[in-house]
Amino acid sequence: MDAYIYPIATAVTIFPLLSAIFTLPYVINQYHKYGALLVLRIILVYSFIFYLMTSYFMTILPLPPIDSVQADGTHMLLVPFNALMLWWNNCGFKLDDTSTYLSSFMNYNFLQMAFNILLLLPLGVYLRYYFERKWYQVLLMSFAYSMFFELTQLSGLYGIYPHAYRWFEVDDLICNTLGGMLGFLITPLCSFFLPSRDRLDEMSYHKGKRVSIIRRGLANVIDWSLISIILFILKKYYWDTVQLNDILSYYKLSTLFIIIASFLLYYVISSWIMAGRTIGKYIMSLKVNGENGQKAKLYQYILRYGIVYLLVVPTPFYVIKLLKLFNETENVWIEVASGIGMSAFGIIFLCVIVNVFICVILHRFQTIYEKVSHTQQVSVIVNKEDNYYIREDIEEDIEEDIEEDRDDDNRDDNNREYNRKEYDSEEDSDNQAALTEENDE
221 MDAYIYPIAT
231 AVTIFPLLSA
241 IFTLPYVINQ
251 YHKYGALLVL
261 RIILVYSFIF
271 YLMTSYFMTI
281 LPLPPIDSVQ
291 ADGTHMLLVP
301 FNALMLWWNN
311 CGFKLDDTST
321 YLSSFMNYNF
331 LQMAFNILLL
341 LPLGVYLRYY
351 FERKWYQVLL
361 MSFAYSMFFE
371 LTQLSGLYGI
381 YPHAYRWFEV
391 DDLICNTLGG
401 MLGFLITPLC
411 SFFLPSRDRL
421 DEMSYHKGKR
431 VSIIRRGLAN
441 VIDWSLISII
451 LFILKKYYWD
461 TVQLNDILSY
471 YKLSTLFIII
481 ASFLLYYVIS
491 SWIMAGRTIG
501 KYIMSLKVNG
511 ENGQKAKLYQ
521 YILRYGIVYL
531 LVVPTPFYVI
541 KLLKLFNETE
551 NVWIEVASGI
561 GMSAFGIIFL
571 CVIVNVFICV
581 ILHRFQTIYE
591 KVSHTQQVSV
601 IVNKEDNYYI
611 REDIEEDIEE
621 DIEEDRDDDN
631 RDDNNREYNR
641 KEYDSEEDSD
651 NQAALTEEND
661 E
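According to the numbering used here, the sequence shown holds residues 221 to 661 in order.
Hints were generated in silico from the structure; no laboratory data involved. Beta carbons are placed, not taken as given, at the ideal position from N, Cα and C, and that holds for glycine. Any given hint might turn out to be false.
Calculated pairs, DSS-like style, for lysine-lysine (alpha carbon to alpha carbon, straight line, at most 30 Å) [what the hints assert, rightly or not]:
| no. | residue 1 | residue 2 |
| --- | --- | --- |
| 1 | 456 | 541 |
| 2 | 541 | 253 |
| 3 | 427 | 515 |
| 4 | 253 | 354 |
Derived Cβ-Cβ restraints for the label pairs, each shown as a range [unchecked claim]:
| no. | residue 1 | residue 2 | range |
| --- | --- | --- | --- |
| 5 | 260 | 568 | 36 to 46 Å |
| 6 | 448 | 252 | 18 to 28 Å |
| 7 | 548 | 480 | 41 to 51 Å |
| 8 | 244 | 314 | 58 to 68 Å |
| 9 | 288 | 499 | 49 to 59 Å |
Starting from the given sequences, assemble the full structure and let the hints guide the process.
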């Protein structure tokens, strides 16, 4: 039993570290695809990762000392059902003797086959329930996963050991694959109390229509990281070359000015070019629109991001500069102006913080700078059902346009036919009148 407890304990130890590495890419993917994080989906995905880790460690652990692994000529058992025959010949099972039942099924060979079957049984459940795979796909994937285990052992853990430290057994392939298929068969019994995958997606899409503070924050973190990388590269390979510090000191500017200007230009230009999106917003499936739902104007982007990156974000730096000026100057008017400026910036910053806090509490996220610029940040997530109806509406509109064009063509043909008949009738009347005049003469 220790042979199974040790791999599980190892998986429990390593799982938090792997989860921490996996979390950020997973969160970004979920927000990009669904626009929201669903607790049940997180539990399912992370439990699947934990299962994969545990099953893998069960096939490679415990690891023997490298110098203890010796070449013994063969490392493969390719006779099918050899383990089954070995158990049957040594279990002492007798149908008419009930005392042999328990000992037979507690036999080491039987337990080994049973654990090999149970090893991939959860895989079949996950593949059918969450990944919605067909039976033949589960069969192939279970076999492939089992083959991965066996080849890992045969390779001496990818060449770390000079020789294979465990045997490649075809019976393991059979039992593991059988376990995957059993998992596929019993999935309805294991998941009847859980919502279907389509229902999970529907719940995620519905939740993703609302723009959460975490989603907005991640979009900004992505954009800020990108801007920081660009500024770092420019400083390392360009700014020092053109002696930027001399230029800034000549115009009495600080590096803070360059940083603020870079943020403002990035947000305004990218939003203008990408119809309200930045790279971070694109990844988070967000965009900035006007209040009427139409594309925002250029001046709205300038006003929105100007308030944020020229006024709100640099407020602490402005206050520090004004405080320094207040302490160093002896001019009373400068002291008064500095005090008023610090108070004004402090009030502005406090109002924005309180506004954001209220928006988070009320789940109606429209900040002060959005109200001033008449913009709003919206989700661009469209679920499959909505997409179906959108395509259906488009197809209906196209059919209506075609029908209207056909009616217009028929109407034009009728008008031309009517005009031709009118023209022929008038021509006949003129000819008749001319004949009448000739007869009268």
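- Item | Index of numbered hints that the structure contradicts, given in increasing order | Numbers 2, 7, in rising order.
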